[in-house]
Amino acid sequence: MKINRKIFALMTLFILIMTACSNENESVEGPTNEPQDMILATTTSTQDSGLLDVLIPIFEEKYNINVKTIAVGTGQALAMGERGEADALLTHAPTAEEKLVASEDVINRKRVMYNDFIIVGPERDPAEIQGMDVAAAFQQIFETGAIFVSRGDDSGTHKMEWSLWEKASLDPSGEEWYLETGQGMGSTLQLSGEREGYVLTDRATYLSHAGNMEHMEILVEGDDELLNIYHVMQVNDRKYERINREAANLFVEFMVEEAQEIIKEFGMEEYGQPLFFQYTE
Amino acid sequence: MNILQMEQVKFVANKEVLLDIPYFSLGKGDILGLIGPNGAGKTTFLKLLSFLQAPTEGDVLYKGEVKHADTLSIEERRQLAVAMQQSLLFDMNVSNNVAIGLKLRKENRKVMKEKVDYWLEKFHISHLAKKNGVSLSGGEAQRVNLARALILEPEVLFLDEPFAALDFPTKIQLMEDLKDILKDTNITTLFVSHDLIEINNITKKLAVIIEGQLKQMGNTKDVIHHPNEQAAPFLGKWKELYTI
Amino acid sequence: MGLIYEGFLKAIEMLLSGDREIYEITLTTLRVCLSAILVSTIIGIPLGVLIGLHSFPGKKIILIFVNIGMGLPPVVAGLYITMLLWRSGPLGHLGLLYTTHAIIMAQIVVSLPIIIGLTSAAFQQIDSKMLMQIKALGATKLQRLVILLKETKLAILAAIIAGLGRVLAEVGAAMMVGGNIRGDTRILTTSMVMEVSKGNFDVAIALSFILMTLAFIITFLLTSLQQRKRRV
Ligand SMILES: Nc1ncnc2c1ncn2[C@@H]1O[C@H](COP(=O)(O)OP(=O)(O)O)[C@@H](O)[C@H]1O
Ligand SMILES: [Mg+2]
Numbered sequence: 001m002k003i004n005r006k007i008f009a010l011m012t013l014f015i016l017i018m019t020a021c022s023n024e025n026e027s028v029e030g031p032t033n034e035p036q037d038m039i040l041a042t043t044t045s046t047q048d049s050g051l052l053d054v055l056i057p058i059f060e061e062k063y064n065i066n067v068k069t070i071a072v073g074t075g076q077a078l079a080m081g082e083r084g085e086a087d088a089l090l091t092h093a094p095t096a097e098e099k100l101v102a103s104e105d106v107i108n109r110k111r112v113m114y115n116d117f118i119i120v121g122p123e124r125d126p127a128e129i130q131g132m133d134v135a136a137a138f139q140q141i142f143e144t145g146a147i148f149v150s151r152g153d154d155s156g157t158h159k160m161e162w163s164l165w166e167k168a169s170l171d172p173s174g175e176e177w178y179l180e181t182g183q184g185m186g187s188t189l190q191l192s193g194e195r196e197g198y199v200l201t202d203r204a205t206y207l208s209h210a211g212n213m214e215h216m217e218i219l220v221e222g223d224d225e226l227l228n229i230y231h232v233m234q235v236n237d238r239k240y241e242r243i244n245r246e247a248a249n250l251f252v253e254f255m256v257e258e259a260q261e262i263i264k265e266f267g268m269e270e271y272g273q274p275l276f277f278q279y280t281e
Numbered sequence: 001m002n003i004l005q006m007e008q009v010k011f012v013a014n015k016e017v018l019l020d021i022p023y024f025s026l027g028k029g030d031i032l033g034l035i036g037p038n039g040a041g042k043t044t045f046l047k048l049l050s051f052l053q054a055p056t057e058g059d060v061l062y063k064g065e066v067k068h069a070d071t072l073s074i075e076e077r078r079q080l081a082v083a084m085q086q087s088l089l090f091d092m093n094v095s096n097n098v099a100i101g102l103k104l105r106k107e108n109r110k111v112m113k114e115k116v117d118y119w120l121e122k123f124h125i126s127h128l129a130k131k132n133g134v135s136l137s138g139g140e141a142q143r144v145n146l147a148r149a150l151i152l153e154p155e156v157l158f159l160d161e162p163f164a165a166l167d168f169p170t171k172i173q174l175m176e177d178l179k180d181i182l183k184d185t186n187i188t189t190l191f192v193s194h195d196l197i198e199i200n201n202i203t204k205k206l207a208v209i210i211e212g213q214l215k216q217m218g219n220t221k222d223v224i225h226h227p228n229e230q231a232a233p234f235l236g237k238w239k240e241l242y243t244i
Numbered sequence: 001m002g003l004i005y006e007g008f009l010k011a012i013e014m015l016l017s018g019d020r021e022i023y024e025i026t027l028t029t030l031r032v033c034l035s036a037i038l039v040s041t042i043i044g045i046p047l048g049v050l051i052g053l054h055s056f057p058g059k060k061i062i063l064i065f066v067n068i069g070m071g072l073p074p075v076v077a078g079l080y081i082t083m084l085l086w087r088s089g090p091l092g093h094l095g096l097l098y099t100t101h102a103i104i105m106a107q108i109v110v111s112l113p114i115i116i117g118l119t120s121a122a123f124q125q126i127d128s129k130m131l132m133q134i135k136a137l138g139a140t141k142l143q144r145l146v147i148l149l150k151e152t153k154l155a156i157l158a159a160i161i162a163g164l165g166r167v168l169a170e171v172g173a174a175m176m177v178g179g180n181i182r183g184d185t186r187i188l189t190t191s192m193v194m195e196v197s198k199g200n201f202d203v204a205i206a207l208s209f210i211l212m213t214l215a216f217i218i219t220f221l222l223t224s225l226q227q228r229k230r231r232v
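Protein chains in written order, with this note's numbering: chain G, 1 to 281; chain W, 1 to 244; chain R, 1 to 232.
I should point out that these hints are in silico values taken from the structure, not numbers from a laboratory. The model shown is predicted, which means the values in this text are computed figures rather than measured ones. Treat the hints with care, as some may be off.
[Claimed, not checked] Derived pair list, reagent style BS3-like, types lysine-lysine, alpha-carbon separation capped at 25 Å: (1) W:K130 <-> R:K153; (2) R:K153 <-> W:K131; (3) W:K115 <-> W:K183; (4) W:K63 <-> R:K135; (5) W:K130 <-> W:K103; (6) R:K129 <-> W:K10; (7) W:K122 <-> W:K106; (8) W:K28 <-> R:K135; (9) R:K59 <-> W:K103; (10) R:K129 <-> W:K131; (11) W:K103 <-> R:K10; (12) W:K67 <-> R:K141; (13) W:K28 <-> W:K183; (14) R:K153 <-> W:K106; (15) R:K129 <-> W:K15; (16) W:K204 <-> W:K171; (17) W:K113 <-> R:K150; (18) W:K179 <-> W:K221; (19) R:K141 <-> R:K153; (20) G:K110 <-> G:K99.
Starting from the given sequences, assemble the full structure and let the hints guide the process.
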C-alpha cells in the first residue's frame, strides 16, 4: 500500500512536470496565428560566434516565423539543401555553393558578409611562418613537417584550407604531421592548442577561444586569399517538396538588408573589433 | 459425490511417464494422505489434482465436471487452497502474507483483520506479525505458509510435505496443531508426505504412490497394518523403524 | 582546478539569477527525458513481463535483438530516425525532424530495450513454483501480475534507473535528430557540447552541474523508492 502511494506520487510528479512544460509552450504559441517553421542550415561558425542568436529572434519576431537553426559543417549544410531538408542556407564555401546554383538545388543566392581566415599557431612558431603570405606559409609548414590541424569535416573552412593547399600544389593528406579532427572549429582549435599545431580558422571563432589558449597566436592574416565569404540562399521549392518558400525568401531579403546594420556592429563590444564585415552585392 | 476425481490421467515429461493414474477420487470431508518415496510423483499428483498443471492425457473432474488448469474459473480456483512444499513467502510482513489470499478475494478489512489475528494465534505466530516474510526461519515460515492456506477456509486443502523441513520437536508440535485444526474445520484435505508418522497422525485415508502409480488406497490404519505386496516394501521399513 | 571552481560559481550564479534560458533548457531536458522514459516504461515493462513469463517460438531471437538493442549506440538510433523523418523520408510529412518529439523518439529507441531486457530478465528469474503458488492463492491474471511486479520491484526500478541514466546521458542522437535549436530542442547535453565548442568552458561546467544534480535527484528518488526500509 505504502509504495503504491509513493509510485503514484512519483507518476503524478512526472505528469505534472510534463504538462506544465507543454502548457507553457502552447500558451506562448497560441492557437490562432501559429508561426510557420523554417529550417535554416548553417555553419557552426555563425552559431558559435553568437551572431545568429542576435539575428534570428529579430527575424522571428518581425515575420512570425519560427526558425529552426541547424548548425553543422558547411558540407552538411549544403547537403541538406541538396536533399531539400532545409529551407534556407547560410554558408561560406562559394565554389561548392555555385555548384548547387548550377544544379538548381538552390535559388536566390546572395552575398551577405565576410570575415577572414587566419593561420594560428604556437608562439614559438617552429616553422617560422610569422608574417608570410598564405602560400609561402603553407609551403613552409609542408617542408618542415610541423603539426597542422585540419577540420577534415568537409566544412567551409576545410574547403578553404584545401583550396589553399591545391593552389600551392601540395598534398598533405596522409602525412604524419597532418591531423584531421573531423570536428567543429572550436574543438579543432582546442586540439591544435593542445598539440601545438598550426591551424586555419576564422577570426571570430579564434577570438572567442583566445582566452583558453594563451600560448597560441595569430601568425598569418590579411591576405586576400583568406577572405571567408558568406552567402545566403533558399532551397528550390520547385525541385523539392515541403519547402517553405515564402519564409526562406523573406530570410534572404532580411539577411541582405535589415541584418546588415547588426552585422556591422556585432562583436565590437566584446572583442573591440567586428567579427563580420558587410559585403553585399 | 466426489469433489475431485482423476480418470485415465497420465503425465509425461521428456517422454517419461511420471504419473499414471487410471482412477482416483477424493470425497467430501476426506482427509487423505498420499505417501511415497522421494521422486514418486507426489508433488506432480498434487499439482494435477489442484489444477495447477494440466495432465498430458486424461481428465481431472471437479464436482463431476471435467475442468482444465487454464479454464478453471476463478471462483472454482478459490475453493482450492494449496500450501507448497517450499514456503515461498512474499517480501512483506507476516500479517500481510497471511492475509494475501483474502486481499485477492477483496475481503472486508475488518473481517480480514479478525481472521488474520485468529490464524496467527492458532499457529502461535502472533509475535511475528510485523516481521518480514522472507526473514523467517524454516519452522516459522512453514506456519505462515499453512495459515496463509487455511485462512481461506477452502473447500479442499492441499498440503505438500508441510513438515519436511522442520526439526523434530517443531514437527511434532505443528503436527498436533494441524491435526486439531483439521478436526475442527472438517476441510477436505490432500496431505502429501513421505513420513508415516505424520500420515498416521493426521489422515484417515491413505494412498500409496510409487513410481508414478497408486499401489494401494484405503483406510489409513488398514493400509499401514495390511499393506499389499506392492506397498509393503516401502511401508514395511517405516513400521520396523517406528513400531507403529 | 580553477576552471572547475569558476564553473561551479558560474552554475550557482546562473541558477540564482534565474537565467531564463538555462531554466528552459533544464525544463526541456526534464520533459524530454521523462516523457521518453515514461513511454519506454509503459511499453517496456509489459513486453518484458510477457517475454519473461511465457515461452513461445522466437523468444530467443527476440531476446537476442533486445540485448543488441541494449548496447545500440545512440548515434545509430539517431541516424535511422533522422532518415525516417527526413522531408524526403517515409515520415517526412509529419514534420517531426528537429523537434523534441524526434529526440523523445530517439531516446525511446535507446531506452526501451534496456527496460524490456532487464524486466524480462527479472521475470525469467522468478521461481516457477512461486508462479504456481500465486495462482493457487486465487489471484486473477491481473492480480498475479501486480504481485509479481511487487516481488520484482527492485529489478524493475533498476531497469527504469538504467534507462533514465542512458537517456539523460545521451547526446549524439539528440544532436542529430533535435538539431540543438535554441529555445526549442536544446537540452543540457547538446548545449554542453555546443558551449565546449564555443570555448565557454565555465558555462559547460555549470550545465554539467545541473545535469548531474538532475541525475542525482531522480536516481535518488527512484533508489529510495527501491530500497524503502524493510520492516524486520
Ligand atoms: N515438469 C517436469 N519435467 C520433467 N520432470 C519432472 C517434471 N516434474 C517432475 N518431474 C520429475 O518427476 C519425478 C516426480 O517428481 P515429484 O512429483 O516432484 O516427486 P515427489 O514430490 O514425489 O518427490 C521426479 O523424478 C521429477 O524430477
Ligand atoms: Mg515433492
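Status of the hints after comparison with the structure:
Between W:K130 and R:K153 the alpha-carbon distance is near 21 Å, which keeps this suggested pair within the 25 Å criterion. Only pairs whose Cα atoms come within 25 Å are accepted, and R:K153 paired with W:K131 is accepted, the gap being roughly 19 Å. Between W:K115 and W:K183, the direct Cα distance comes to roughly 18 Å. Compliance with the 25 Å bound is thereby established for this hinted pair. A threshold of 25 Å between alpha carbons decides the hint, and for W:K63 with R:K135 the separation of about 20 Å falls inside it, so the pair holds.
This hinted pair checks out: W:K130 and W:K103 have alpha carbons roughly 17 Å apart, not beyond 25 Å. Restraint check for R:K129 and W:K10: the C-alpha separation of about 21 Å stays at or below 25 Å, so the hint holds. A distance of roughly 23 Å separates the Cα atoms of W:K122 and W:K106; the hinted pair therefore holds under the 25 Å criterion. At most 25 Å may separate the alpha-carbon atoms for a hinted pair to count; W:K28 and R:K135 meet this at roughly 23 Å.
Annotation: proposed proximity of R:K59 to W:K103 is violated, straight-line Cα distance about 34 Å (limit 25 Å). With a C-alpha separation of about 23 Å, the suggested pair R:K129 and W:K131 falls inside the 25 Å cut-off, and the hint holds. Between W:K103 and R:K10, the direct Cα distance comes to roughly 55 Å. Violation of the 25 Å bound is thereby established for this hinted pair. As the CA atoms of W:K67 and R:K141 are separated by approximately 18 Å, the hinted pair is consistent with the 25 Å bound.
For the hint linking W:K28 to W:K183, the alpha-carbon distance of about 14 Å falls within 25 Å, and the restraint holds. The hinted pair formed by R:K153 and W:K106 meets the criterion: a straight-line CA distance of about 23 Å does not exceed 25 Å. With a C-alpha separation of about 22 Å, the suggested pairing of R:K129 with W:K15 holds against the 25 Å cut-off. Between the alpha carbons of W:K204 and W:K171 the distance comes to roughly 19 Å, so the proposed pair stays at or under 25 Å and holds.
Restraint check: the Cα-Cα separation between W:K113 and R:K150 comes to about 22 Å, which is no more than 25 Å; the hinted pair holds. At roughly 16 Å between alpha-carbon atoms, W:K179 and W:K221 fall within 25 Å of each other, so this suggested pair holds. Between R:K141 and R:K153 the CA atoms are separated by roughly 18 Å; this keeps the pair inside 25 Å, and the hint holds. In summary, the hint linking G:K110 to G:K99 is supported, as the alpha carbons are separated by about 14 Å, within the 25 Å threshold.
Checked against the numbered hints above, the structure violates hints 9 and 11; every other hint is satisfied.
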